[in-house]
Amino acid sequence: MKRLLTVAIALLISQAALAGVKIEHWVSPSGARVYFVESRVLPMLDVQIDFAAGSMFDPAGKSGLAALTRGALDLGAGKFDETAIAEQMADIGASLGGGADTDRASVSLRTLSATDKREPALAILKAVVHAPLFDSAIFEREKARTIASLKEAMTRPDSIAGKAFWAAMYPNHPYGRQATPESVAALNPDDLAAFHARYYTAANASITLVGDLSRADAEKIAEGIAASLPKGVAATLPDAPQLPKWSMTQLAHPASQAHVYIGLPAIERGNPDFFPLLVGNYTLGGGGFVSRLMKEVRDKRGYAYSVYSYFAPLKQTGPFQIGLQTKRSQAKDALKVTREVLSGFLKDGPSEEELAAAKANLTGSFPLRLDSNKKILENVANIGFYGLPLDYLDQYQAKVQAVTTDDIRKAFARRVRPDNIITVTVAAD
Amino acid sequence: MPLKYLLSVLLAAGLTTAAFANPYETTLKNGLRVIVKEDHRAPTAVQMVWYRIGSTDEVDGASGVAHVLEHMMFKGTPSVGPGEFNKRVAAAGGRDNAFTSRDYTAYFQQVPKEKLPEMMQLEADRMRHLNVDAKEFEQEIKVVMEERRMRTDDNPQSKLFEQMNAVAFQAHPYRRPIIGWMNDLETMTAADAKAWYDTWYVPNNAYVIITGDVDHKEVFALAEKYYAPLEGRALPVRRQQIEPAQEGTRKVTVKAPAELPVLIMGYKAPILRDIDKDSDPYALEMLASILDGHDAARFNKKLVREDKVALSAGIDYDNTARGPGMLYLHGTPSEGKTVSDLEAALRAEIARVQKDGVSEQELKRAKAQLIAGQVYKLDSMFGQAMEIGQIEAVGLPYQKLDRMLDKLQKVTAADIQSVAKKYFNDDALTIGLLDPQPLDGKPRRPAVATRH
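Protein sequence lines, in the order shown, are assigned to chains A and B. Residue numbers for the first sequence follow numbering that gives the first Met the number 0, so the first one is 0 and each next one is one higher. Residue numbers for the second sequence follow numbering that gives the first Met the number 0, so the first one is 0 and each next one is one higher.
A couple of the hints might just be wrong.
The calculated lysine-lysine pairs, modelled on DSS-like cross-linking and capped at a C-alpha distance of 30 Å, are [as the list claims (entries may be wrong)]:
no.	chain 1	residue 1	chain 2	residue 2
1	A	Lys162	B	Lys141
2	A	Lys150	B	Lys267
3	A	Lys294	B	Lys86
4	A	Lys299	B	Lys216
5	A	Lys358	B	Lys112
6	B	Lys216	A	Lys150
7	A	Lys299	B	Lys300
8	B	Lys336	A	Lys150
9	B	Lys267	B	Lys307
10	B	Lys336	B	Lys216
11	A	Lys373	B	Lys300
12	B	Lys376	A	Lys219
Just so you know, the hints here were simulated from the structure itself, not pulled from any lab data.
So here's chain A without its partners, still in its complex pose (with noise of 0.2 Å):
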């Protein structure tokens, strides 16, 4: 692939969403809230549960805790042992996804809609979120196997930057502390139990369906796995994250490229100023080929293969980031220009053009970002889980279009301060 900002491209675009999705939303019986949207075209059915259960609850010493008891859910569950789990979802072309990130746990199922195939994947998924047996031995191997991967982690350069970043980012909140060999084995079974009693509840869940299903079934279906659920309460969040101090942390590695970090913590999801900071960041460094990052850093100069930005809104404070790798002994210069990049960019925002060419981008790009049930599904949780404004969606190119160069550099000012920004390196010389 020519450029690589597929990943960083994919957090920013889903915020955003198509003019005529109809999203029904409704709150079970049993307290799950629920959004759903039709769609007949293909024979299919994607559900997702998203449970206010991330690494961000880990209790202190107890990193990792979060990401085990997602990782554990499907190895063994009610009557079904892990491999009937495995096996009977492969018999009728279903499979499960999902996985835990800072803020959220997500269980999501894939499958044909046919009865005989939709009711057992249902069946499992039930049993999965509310019944997971987190068998000792099971929990023995897959601990070993988590230790294994984060040592494994620990000499990638990419891995220790990001780690790095983080931890100077939220020094004194959970976004900052990351899952440890030590912190994993200090865990047991009855850690992963308690968690997920604490947090795979109705009241901590919203539930996602997208595909060929009447209103009528998405309601049962969203009632069944809800009242399988215990009613339970929202979680509770911790204090909000502090502005770190301006700080440069430079760590020591082999590799032949330097990996450089540079960011700070900067909105939280819902926030208004998220609008201007979508339009602005990209010039900056959101759009892809044609920001201001990439024409100096790469084109230019031909430092980096990708380099970008993108601001990465949480349930609490989450990151504005800036990113690059380049060979080691050309670090200082390519931190030099980005740093120039920034700077210029805090001081006089983009030009009428550039912000006229964001606009035409992001606003003429919104039908790429549903023209699938997977893109509409994803959007719909996010909305759900975070709990945007139901017309979220039909009210985004309006909001892209309202923008004007004075909000954005205001609201690059406000949330982009050169004071609170930290820099970390790996491997640069």
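Put chain B on the given structure of chain A with help from the hints.
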């Protein structure tokens, strides 16, 4: 039977029969083929332009030029300035990119459907009118070197894979990495890229695939307008390069900073050349699914979950290619286990298939996954265009995709046992081993010995 079942599922879902006249195709006078698959689910369209040219067509000393040219394709023509291509796509609300493989180089744009004509105009323009500017080249070759550092030099697994292929193939150009050896990139010039472009970027060496909410007749008319004026030209003869038979196991070790060892066992394996007559490639594909098609497939169930000899274990086999094929078994041993333990365990799993075959239930399961996959793939317009593009790139007709599915459905347990006996042959085996090194350069303690 299973294929009919699939069709009935789709029909039952309300797909119109018109969908089955899809895709539509025409060939322009200059030899360019245009394939259109209509899909009216959403108001978007995908254009892909595939060139039948990849790293396999390169020569020693110029490895990586196919991919470098791919980068240069964004650097302008007399009518579209450097960087302007990306700007125009972005202004149209589109996304674009490109990819180079051993067998092909392809370019794509995803756009709101009304922007498709402009995308066709842009692709047609750069098909014959690219500027390969020396100044632009000078910057872009550095970008490609950064890409190589990121993808290969600092990625132990990629490095191992690169080295393995360089050993598994001696005569065939598949031995060279797609991204090119660093030294070849360092000595490459704009003239090399230009010569590559002039030789291979002609309409009769390309095909265009368009999927989405479009009318094929309108697309054909647009193709006539934008692509038809480009002149075709005879292509140089491509000599078939045949890899000599391997006569004994080969081994390669790569040392790199890492924590975990990696073992890859690559066997020479057959490639699908005749969709109707071949059978072994289908049987091997089903075997791969039974060994590694889901979380309780044999490798994961036995090696990771039950015996805990591996942290992970898998199989990779692509039965379509222009050149020769390989089937790879790969994995990472668990703590306290060695790569020798893992190798023995992988071999034991293959021996089990050779001796006892596979069960009807396992086979049925693999087939059920295939059928469902045919529905899920329709969720992505991009994926549908990719499927057509890839099969055409290896010289097989997309019209026979359904026939391939049918052949897979007809694979028997006996077929699978037979290919397991035939192809896991030590004389055709290349073993690759990643020997992890500590970051500080000091030797690791012997407890995690990884010597093979």
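(request) Go through the numbered hints given earlier and state which of them the structure violates, listing their numbers in rising order. (result) The structure breaks hints 2, 4, 6, 7 and 10; every other hint is satisfied.
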